[in-house]
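Protein sequences appear in the order of chains A and B.
For the first sequence, this note's numbering assigns the number 1 to the initial residue and increments by one for each residue that follows.
For the second sequence, this note's numbering assigns the number 1 to the initial residue and increments by one for each residue that follows.
Be aware that a few hints might be false.
[Claimed, not checked] With a straight-line cut-off of 25 Å between C-alpha atoms, the simulated DMTMM-like cross-links for lysine to aspartate or glutamate are:
no. : chain 1 : residue 1 : chain 2 : residue 2
1   : A       : LYS49     : B       : GLU57
2   : A       : LYS59     : B       : GLU35
3   : A       : LYS59     : B       : GLU70
[As the list claims (entries may be wrong)] Computed from the model, here is a short list of chain A residues facing chain B with C-beta under 10 Å:
no. : residue
4   : LEU31
5   : GLU34
6   : GLU37
7   : GLU40
8   : ASP41
9   : CYS42
10  : ALA45
11  : LYS49
12  : THR52
13  : LEU63
14  : GLY65
15  : SER66
16  : GLY69
17  : TYR134
Treat the hints as calculated values from the structure; they're not laboratory data.
Idealized CB from N, CA, C, for every residue including glycine.
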Amino acid sequence: MKLNFEISLRVNTWIRVALRPIRLPLTRRTLRREFLEHFEDCRDAQLDKGLTERQAEEKALELLGSASGVAKLLKLVYRPRIYLVRAAILLLVLLYLLPWPTRITRQMYGTVYWMDGSPPEAISFTVEGWKLDYLFRDDKLNLELTWGESEEGDKLFQLPLLKPKEALGYETGGLLFDATPGVWDAYFGPVYQNDDLFEPTYTYPIGHLTLSRDGTSCLLSRIDGNWYVLAANNPSANENELRALYGERLENILGSGTSVEANITSE
Amino acid sequence: MKQNNNLFRGCVPRLVLGLLKSGEGSGFELISRLENRGCVFFRQQEAAIYPVLHFLEHKGLVRVCLRRREDGRFRRCYRLTAKGKARLNKHKEPQRQEDVKK
C-alpha cells in the first residue's frame with residue numbers, strides 16, 4: 001500500500017510538472033469576480049462604519065484602486081503570451097511524437113489468382129499488426145501476413161510490411177517499379193520465406209508483396225517469375241476490384257501489350 | 001515597471017505569506033489584518049494585493065480555496081501550502097539566529 005501511495009504521489013508530481021507549461025492565464029471572469037467580491041466586502045465594511053450606501057460605494061471604489069494598474073500587474077505575473085506559446089509548442093511536439101494507433105487484424109479465406117495461368121487455389125491468410133498514424137510524420141505500419149493453405153493451415157509466408165512511404169521503388173527482373181504512395185493505394189514490402197528444411201532455419205527474401213489498404217487482397221511477386229493475386233471471399237466480385245486495383249500495376253510489371261485479364265485466371 | 005517587479009520580489013510576498021500564517025483569508029480580509037497591525041501598505045490601491053496573491057499561487061506557496069459565507073455566496077480564499085510554510089520558516093530562521101547572537 002505504501003509503495004502504491006508513493007507511486008501515485010510520483011505520478012501526481014509528474015503530471016503537475018508536465019501540465020505546468022500549459023497552464024492557462026488567469027481569466028478575466030475570475031479577475032472580475034475577485035474584484036467584485038473585494039468591492040462588496042469593502043462596501044459592507046464602510047456601511048458598518050455608518051456611511052450611506054452611495055458614500056460606501058465611492059469609498060470602496062477609491063480603495064480598490066485603478067483597474068488598469070492592476071491589469072498591468074497581472075500581466076507581469078502570468079505572462080499569458082509566454083504560456084500560450086509554450087503550450088502551442090508542447091502541443092506540436094506531442095502531435096509530432098504521439099501516434100494514433102489502429103489495430104489491424106484480418107483473417108480471410110480467399111482465392112489465389114495465379115498470374116501464370118494456373119487454376120485458382122483456395123487459401124487462407126491472416127493479417128495482423130498496428131498502423132500508427134502521425135499528424136506530421138510518415139505513418140508507420142508493422143504488419144505481419146501469414147499465408148497458409150486453407151485445409152492444413154500451414155504457414156507459408158510471414159512477412160513484415162514496410163510503411164508505404166518508405167517503399168519508393170524496387171527492382172526485380174531488371175525492371176524498376178514505382179511504388180510511390182498515392183499512385184498506388186496499398187502497402188508494400190518484401191516477402192521473406194522461412195526455410196525449415198535445414199538447421200539453423202533462416203529467412204530469405206523471395207519477392208515483393210503489395211497489400212491493399214483494406215487488407216482484402218494482395219499482389220505477390222516472386223523472383224522466379226510467378227505472379228499471383230490473393231483475394232478474399234467472393235472471388236467473382238473481387239475479380240473486378242482486383243483488376244481495378246492491380247490492373248495498371250500488372251500491366252507495368254508484365255510489360256505493355258500484356259492483357260491483365262488474360263493473366264488473371266478465374267473459375 | 002521596476003516598481004511593479006519589486007512588488008513580487010521584496011518583502012511584500014513575505015508580508016502576505018505572514019498574513020496567511022494566521023489562517024486562510026480573502027484579499028480583503030488580509031488587508032484588514034494588515035491594517036489592524038498598523039500597516040497601510042495597500043491603502044492606496046487595495047487591488048494590488050491580488051497580483052501578489054496570484055504570484056504566490058503561481059509559485060505554489062499559496063492555494064486558492066472556496067469558502068461559503070453566511071449569505072450563501074462563495075468567496076475565493078487563499079491558504080498557505082506546505083511549500084509556503086517552509087518558505088516562511090526559512091526566512092525566519094536566520095533572523096532568530098541573529099537575535100540569539102545579539
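Cross-check of the supplied hints:
This hinted pair does not check out: A/LYS49 and B/GLU57 have alpha carbons roughly 33 Å apart, beyond 25 Å. Annotation: proposed proximity of A/LYS59 to B/GLU35 holds, straight-line Cα distance about 16 Å (limit 25 Å). For the hint pairing A/LYS59 with B/GLU70, the CA-to-CA distance comes to about 24 Å; that is within 25 Å, so the pair holds. Among the interface hints, the one on A/LEU31 holds; its C-beta lies about 8 Å from the nearest C-beta in chain B, closer than the 10 Å criterion.
For A/GLU34, the shortest C-beta to C-beta distance to chain B is roughly 6 Å, which falls under 10 Å, so the interface hint holds. Using the Cβ-Cβ criterion of 10 Å, the hint placing A/GLU37 at the interface with chain B is satisfied: the shortest such distance is roughly 6 Å. For the restraint placing A/GLU40 at the interface with chain B, the shortest Cβ-Cβ distance is roughly 9 Å, inside the 10 Å limit, so the hint holds. Contact between A/ASP41 and chain B, as hinted, is supported at the beta carbon level, the nearest pair being about 4 Å apart and thus within 10 Å.
Given the 10 Å rule on beta carbons, the hint for A/CYS42 holds: about 6 Å separates it from the nearest Cβ of chain B. Given hint, A/ALA45 at the interface with chain B, holds; its Cβ is 8 Å from that chain's nearest Cβ, closer than 10 Å. Taken as an interface hint, A/LYS49 does not check out: its beta carbon lies about 13 Å from the nearest beta carbon of chain B, beyond 10 Å. Hint status for A/THR52: violated, given a least beta-carbon distance of 20 Å to chain B, over 10 Å.
With a cut of 10 Å, the hint placing A/LEU63 at the interface with chain B holds, because the nearest CB-to-CB distance is about 5 Å. Hint status for A/GLY65: holds, given a least beta-carbon distance of 3 Å to chain B, under 10 Å. Restraint check, A/SER66 versus chain B: the minimum CB separation of about 7 Å is within 10 Å; hint holds. Checking A/GLY69 against chain B: minimum C-beta separation of about 6 Å stays under 10 Å; hint holds.
Using the Cβ-Cβ criterion of 10 Å, the hint placing A/TYR134 at the interface with chain B is not satisfied: the shortest such distance is roughly 34 Å.
Checked against the numbered hints given earlier, this structure breaks hints 1, 11, 12 and 17; the rest are met.
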